[in-house]
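Once you've looked at the hints, dock chain B against the given chain A.
If you're matching them up, the sequences are chains A and B in order. Converting from the first sequence to my numbering requires adding 71 to each position, the first position being numbered 1. Converting from the second sequence to my numbering requires adding 11 to each position, the first position being numbered 1.
No wet-lab data here; the hints were simulated from the structure. Heads up, a few of these hints could be off.
[Unchecked claim] Facing chain B, according to a computed beta carbon distance under 7 Å, are these residues of chain A, among others:
(1) LEU103
(2) LEU242
(3) GLU244
(4) LEU520
(5) SER523
(6) ALA527
(7) ALA529
(8) SER530
(9) GLY532
(10) ALA533
(11) GLY534
(12) PRO545
[Unchecked claim] What the simulated footprint calls covered on chain B by chain A, stretch by stretch (three residues with Cβ under 8 Å from a Cβ of chain A suffice, anywhere in the stretch; the number is not a length):
(13) 78-87
(14) 199-212
(15) 343-353
Ideal Cβ placement from N, Cα and C applies to all residues, glycine included.
This is what each chain is made of:
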Amino acid sequence: MKRATLLPALLIAALLAWLVGYPLLMTLIEALGGPGRWTLGWFGEFFSRRDEWMALWRSLWISAASVILAAVVGVPLAFLFERTEFPGRRVLGAIVALPVALPPLVGVIAFLFLYGESGFASRAVQAALGLSQPPWRLVGPGAILLVHAYSMYVYFYLFTRAGLARLDAALLEAAASLGASRWRTLFRVTLPLLRPALAGAALLTFMTALASFSAPYLFGGGFRVMTTQIVASRLNGELGLAQAETVMLALLALLGLQAMRRADRVAAVGTGVRGIAPARKRLRTPLARGLAGFFGWLLAIFLLLPHAVLALVSLVPPFTWTSQFFPPVLNFGNWTSLVSQSERLRPVVNSLWMAAVATVAALGLGFAAARFAAARRDRMGGLLEGLIAVPWAVPGTVFAVALATTFSAHQPWLGRFVLIGTPWILPLAYLVRNLPLTGRAALAGLRQLDPSLEEAAASLGAGRWRRLGRVTLPLLRPALAAGAGLAFITALGDFVVSIVLYTFDTRPISIEILSSLRLQDLGMAAAYGVLLMTASAAAFLLWGQGEAG
Amino acid sequence: MAFLSLEQLDKSFGAQTVLRGLSLEVAKGEILALLGPSGSGKTTALRLIAGFEAPDRGRIRVESADVTALPPERRHFGMVFQHYALFPHLTVGENVAFGLAGVAGKVDSARRVAEALNLVELPGFAGRRVGEISGGQQQRVALARALAPEPRVLLLDEPLSNLDPTLRERTRRELKRAIQRVGITTVLVTHEQEEAFHLGDRVAVLHGGVLHQVGSPEDLYERPATRFVATFVGRASVLPCVLEGDGAVWVPHPALSGPTGAAAGPVRWSAAPAPELAGAGPGEEVDLVVRPESLTFVGAGDPRALAGRVTERRYAGPVTYYQVALAAGGEVEVLAPPGAATTGDAVRVAPDAQGPAPRLFRQMREQARDQVRDN
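Isolated chain A, as found in the complex (with noise of 0.2 Å):
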């Protein structure tokens, strides 16, 4: 049923276009001096600057550093709880997925508080060693390696469990019926036919890892990958420089996403056929089973330590947590004066209200774009598609330098304001960065959706807003409080595109952590931390549901 629907269509692409596209290709046009005064020059001074090209080298080893260890990790995870049986295996498969659902700034000041110089891991071993100093320094590749590995190798996990569940056990039963052992079956079969899920999780961290900012800005010290590099020319007033810098991260980024995009029609081949996925191994011996559940609870306190920690540290006091092994006071006094100081909830309400309008916008935008992407087959449909899956493949570090540059100067008949200083300049980030959750959420949700279900309502006299009112919205709902959940926590969460566009008067959560840190205020830090992290437990909780329903 497609009636006259070109023109809105446009009108979205249009403005997706202003939003995702348009910020881009200013930074690339600035990046090359502008109108008038083209020159290469930044680009040359990138790449005659050695730390400049090292910087970009960094972005890509530490990447691909990324993917090998997550990989290492989820996937003989994923292989234990989907393919065996033992005690505690439900609860312990669901505390594996947990490091996803904490924000990145969130989850390096927790490694921060365990195992920095002065944190709970290295005063154990100092003291149990007798040491005079620390054992180790939380600093450089080892430690960015350390968080990446942590919060990523669940993309590996998820995707692997995922594939294995979808595979037909009657294959695994063909190959042993022809004689092959296990580890040939294993090689032959199961790895080949995992390959789909293999390649989106390792695109997927490869993407991740080479957007990451929060670990490399804190962690990196003198280590600087293209994302930090960018903001320190920023903050050396190099703005041309850090527009080349943003312009190369960009360039890499779409190269990854063309990969992505391939990697996902190696995905569509298959055999179509949905099979019933193989029994779970019992493991047998006692012995077996008690390992697997020792191993499994052993490594669940590990996960889980960081937001142990984080939930601690949030009731240490202001500076009464000096040299001792333990912190000597615990009250609620962070908490306290969280609520009744109105400076110290400042950024809870900053973060509140822009991450809502933004979700609220991103809502209302990605659907619109997601119902024309879907309803259309053509060009058009997928242009829009592409419009808002462009977000999630550029750094967000990329969109921040880009809207910076784009909303700092007045020419409205180019469609341009100064936004820049304005509390409306976050909102607006964080909307174009929720796009391609809200909409591929919507998107997903209408492909799955029975077109009939539609037609049903038409041929019963429904026009078209009482279709999408009782029939569309409804039956989509779970899909968009999921993508608006996810997209709600992002923008609570974020840091990497605050860090460059927040004004004093609009500090977000993550900005406030920060100076607190900064403050040596470890307590007020971990208590913003564990807002956000129940904020986002909640909102996965959600998520998952809506996947379920």
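Relative to chain A, chain B alone:
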């Protein structure tokens, strides 16, 4: 006087033509079945009537009012979808009441929901969730939902194809009873001949986007207008032969003849030429299409007998089908009592006056014949 009429409808999707010049008329209260293999254009025809697709050319009229440009929500037609398309987030009652908004008040609406559910013999189901009821019940709820707003025309898209074969015949009878009780003008789409014959007052056969014939089931079976209708509707064998004049032919075609001899043929049979053969003269090569019940086994001495050997015997309860390879070449299917022959028997086959007369059609080139077989 036609209640619903389709006039010269054309529809293509991209380069693919799906319907070509479809014209049909449905009388008030009549049930018309659109029958055809998949890809014949029958579902597209139904979607054009419903208004989900717009024709490239042609008109659709209801009581001579042009509805071609009317969106589906303003046509006031009821539709039952192949997969029912019941709203999963609404109860059975809310589904049935969906089309009553703006048509009936609250009290009236509740009464009409109850009436519609009574009609399909599901009283008291209004509070049930759609997911809780069986496939057959879902089918009936879909019918109740379509009928509740008292539409002008009822459209059914393969209404029984989603049901268990065991359920299908019973549901078909119930469906027919419900439609007849309401007396509504109905168009239904099906690929099953039995369904079309049972439900349809008239049946329209579509193939390759073209209407081949429309008529009563008896018309289609006994007087098929095209070779496609003759072979698609009911069982039939095809034998190439040569036209003699006066409805007589020599069978089989001499080119097929292997060993000559009285019993091997060719022999002279009588047959009814199809309209497409008007103007064909003696000597023309044509195809003879014959139903299994129009052939019988005869003893030696019948001048019309063709010799052959039984290659396959298929027992089907009251009757038995025999596949016979003719000595002169070609194969026919013969319906006879179960004890008439066994596999491997040498038999003689001749026309039986009891069945419909064999029909003659223009001979198809090999390529075209293969295409028909693929469909």
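For each hint, the structure was consulted:
| no. | hint | in the structure |
| --- | --- | --- |
| 1 | LEU103 | violated, 42 Å |
| 2 | LEU242 | violated, 29 Å |
| 3 | GLU244 | violated, 29 Å |
| 4 | LEU520 | violated, 10 Å |
| 5 | SER523 | holds, 4 Å |
| 6 | ALA527 | holds, 4 Å |
| 7 | ALA529 | holds, 4 Å |
| 8 | SER530 | holds, 4 Å |
| 9 | GLY532 | holds, 5 Å |
| 10 | ALA533 | holds, 6 Å |
| 11 | GLY534 | holds, 5 Å |
| 12 | PRO545 | holds, 5 Å |
| 13 | 78-87 | holds (count 6) |
| 14 | 199-212 | violated (count 0) |
| 15 | 343-353 | violated (count 0) |
When each numbered hint is compared with the structure, violations occur for hints 1, 2, 3, 4, 14 and 15.
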